[in-house]
Structure formats: structure tokens, C-alpha cells
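Next come the chains, spelled out residue by residue.
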Amino acid sequence: AQSVTQLDSHVSVSEGTPVLLRCNYSSSYSPSLFWYVQHPNKGLQLLLKYTSAATLVKGINGFEAEFKKSETSFHLTKPSAHMSDAAEYFCVVIPLSFGNEKLTFGTGTRLTIIP
Amino acid sequence: DAGVTQSPTHLIKTRGQHVTLRCSPISGHKSVSWYQQVLGQGPQFIFQYYEKEERGRGNFPDRFSARQFPNYSSELNVNALLLGDSALYLCASSTSRQEGITEAFFGQGTRLTVV
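The listed protein sequences correspond, in order, to chains A and B.
As numbered in this note's numbering, the first sequence has no gaps in its residue numbers, which increase by one up to the final residue, 115.
As numbered in this note's numbering, the second sequence has no gaps in its residue numbers, which increase by one up to the final residue, 115.
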């Protein structure tokens with residue numbers, strides 16, 4: 001069984017300040033972990049992914065995340081928020097097993113950027 | 001190269017009717033998955049198909065069915081529509097590897113409204 005918990009349903013930050021979106025996971029297998037972003041009325045876009053290589057993962061648009069097995073966490077960060085970062089963010093877990101491609105999504109974190 | 005394409009983009013149906021949603025994966029991708037995203041929630045896994053075979057099924061009633069064609073495109077069918085089926089239906093395509101999925105690409109989705 002696998003699951004993810006996004007600890008904040010809403011996060012508001014001022015433009016130019018750091019962003020932290022928190023995610024904890026639970027998985028019976030060695031997991032792959034992803035962060036996706038969804039802008040209003042748009043599909044899902046992959047921000048970054050962890051697949052058992054480097055624990056610090058860099059993604060698009062200045063986002064990065066660190067896989068911490070001891071804390072079962074995969075928090076998403078960005079040093080300086082931009083207005084265009086306002087969106088819904090989803091933490092996703094899947095097992096590292098061939099043929100099993102069920103993505104389990106968190107409930108999402110809505111990021112608001114204050115001008 | 002075209003991304004994942006879904007049709008139609010929007011659809012309005014009446015309770016009790018039947019609906020068919022279509023998805024064309026990225027060229028070369030043999031795996032297609034379907035997700036339901038109810039407003040304000042994260043996507044929920046419905047089905048996964050690989051090489052025309054069902055590989056996974058989520059916790060959805062038998063009114064939901066799907067299939068994959070020889071060209072790897074896929075259809076999602078929903079019978080006897082209920083108001084609660086109103087949602088954004090997302091299709092994802094991916095490449096299956098021995099080490100598991102490396103990335104899932106999503107289409108823009110089909111917005112289904114049941115009235």
C-alpha cells in the first residue's frame with residue numbers, strides 16, 4: 001500500500017520569498033516520488049521526480065525537492081516565489097515495480113503568491 | 001512531437017446517459033492510464049492499460065470500463081451517468097520499464113458535466 005500526505009491545503013507567500021510545500025509518503029516498496037503542478041483549467045505538468053538516484057532533485061522553474069527516507073518526506077522548495085508559481089501542486093507516489101503504474105496523488109496544495 | 005491528446009475537451013450529459021472519452025498517447029508510449037479529478041481534490045486512479053491488457057483498476061464501480069486499441073489509443077466508457085461523475089477526466093501515457101515508470105505525461109483532460 002502507498003499513500004502521500006500533503007500537510008498544507010493552502011500556502012500563501014509574498015513574491016520574492018521562499019516557498020515550502022510539504023509532503024510525507026508511505027510505501028511498502030521503494031517508491032518513486034513526483035511533484036506535479038496544475039494551473040487553472042490546465043492539465044498536469046511534471047515539476048520534478050525522484051527515482052532512487054540523487055536525493056536532492058532539481059526540477060523546472062527553479063523548484064527542487066529533497067528525498068529524506070528517515071523522515072519519509074519529499075518537500076518541495078523554491079528560493080524565490082514568482083507570480084506565475086500560483087497554482088495547485090500535487091505530490092505523487094508510485095512503486096518501483098515493472099508494470100505497476102498507478103499514481104497515488106496527494107490532496108494538493110494551493111499556492112497563492114501575494115504581490 | 002504531439003503530446004497526450006484527449007477528446008472531447010468539454011462534455012455535458014444527462015443523468016442515466018452513457019459517455020465515451022478518448023485518449024491518444026505520446027508516440028511510442030504503450031501504457032495509458034485514466035484518472036478522475038473531482039473539483040478540489042487530487043486525481044484518483046481509474047484504470048491502467050499496457051499493450052492492450054488491463055494492468056490495474058481503481059476503486060470505481062462497474063459502470064466504468066476502458067479499453068486500449070492496437071495503436072495504443074484508449075477509450076474510457078461510463079454508463080448510467082450520475083451527478084457525482086461530474087469531474088475532469090485525465091489520461092496519462094508513459095513508458096514501462098523494468099525499474100518502473102519514469103514519467104507520466106498527462107493530457108489536458110475532458111471536463112464532464114452531468115446534469
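Please keep in mind that the hints were generated in silico from the structure rather than gathered at the bench.
These figures come from a predicted structure and were not determined experimentally.
Incorrect hints may appear among the rest.
As the list claims (entries may be wrong) - Now the stretches of chain B that chain A is said to cover, found in silico as 3 or more residues with beta-carbon under 8 Å: (1) 12–25; (2) 29–37; (3) 86–94; (4) 107–114.
Glycine is no exception: its CB is placed at the ideal position from the N, C-alpha and C atoms.
We went through each hint and held it up to the structure:
1. 12–25: It is violated: at least three residues are needed, and the region 12–25 of chain B offers just 0 whose Cβ sits closer than 8 Å to chain A.
2. 29–37: holds (count 3)
3. 86–94: holds (count 3)
4. 107–114: Our answer is that it holds, as 3 residues pass the Cβ test (under 8 Å) against chain A, meeting three.
The earlier numbered hint that this structure contradicts is number 1, and it is the only one.
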